[in-house]
Amino acid sequence: MNINIDDKTGKVTAFPETSLTPLEASSVPRQEAAHLEEKGKIIDKNLVAGLVKKSNRILISISTHRFPLDIFPDTLNVEEGRLTIINRSFFLSSQVHSVDIKDISNIFVNTAPFYAQLVIISKTFTKNEIRIKYLWKDEAVMIRRIIEGLRTFQSKQVDTSVFSVKDLIAKLKELSTTDIVL
1 MNINIDDKTG
11 KVTAFPETSL
21 TPLEASSVPR
31 QEAAHLEEKG
41 KIIDKNLVAG
51 LVKKSNRILI
61 SISTHRFPLD
71 IFPDTLNVEE
81 GRLTIINRSF
91 FLSSQVHSVD
101 IKDISNIFVN
111 TAPFYAQLVI
121 ISKTFTKNEI
131 RIKYLWKDEA
141 VMIRRIIEGL
151 RTFQSKQVDT
161 SVFSVKDLIA
171 KLKELSTTDI
181 VL
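Residue numbering for the sequence shown follows this note's numbering, starting at 1 and increasing by one per position.
Rather than coming from a laboratory, the hints here were simulated on the basis of the structure.
A portion of the hints provided could be inaccurate.
Unchecked claim - Listed below are the simulated DMTMM-like cross-link pairs for lysine to aspartate or glutamate, each with C-alpha atoms no more than 20 Å apart in a straight line: (1) K166 x D138; (2) K156 x E79; (3) K45 x E174; (4) K156 x D167; (5) K173 x E148; (6) K137 x D100; (7) K102 x E148.
Stated by the list, open to error - Distance windows between CB atoms, simulated: (8) T84 x V162: 20 to 28 Å; (9) K133 x K156: 27 to 35 Å; (10) S89 x A49: 34 to 42 Å; (11) E37 x K156: 25 to 33 Å.
Where a beta carbon is used, it is the ideal one built from N, C-alpha and C, also for glycine.
Using the sequences and the hints, build the whole thing.
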């Protein structure tokens, strides 16, 4: 029985319960199941859209610089979910490595008087060490900070697709503000 009380007048109205016919009663669970299935499809679509957005956004890209001229520069692209290292050895030839952010166990910056070297330690490669030489020192330190920030975001399961690229890079730099002695 449903009871309705009018706040202004204090009048109480009682309505008898309406019973569902057996046909209506059997259709209620099907309607709920259809509603939940539709909700699941919407969630799946949003998840896929977020993954596509994350996988196609390059946050930052740097190249090697050999003195006086680097004809075949290596390139490091940092995306939200992975690093892509492109090693060029000759005209129109290259070797591409991709490492998921979650598979990076450590990242080092080795410095010399003019250049720096980025060493990425991966959990998945047989030869688990990737070295990128001849980077500018400040670029190498900045890339390391961004990658360490992405590793932290991955471990805390932060959805980075909601940030713009500029905001995300600012947050990642903010996350790692420790001074590095060069």
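To test your reading of the hints: which numbers does this structure violate?
3 and 6
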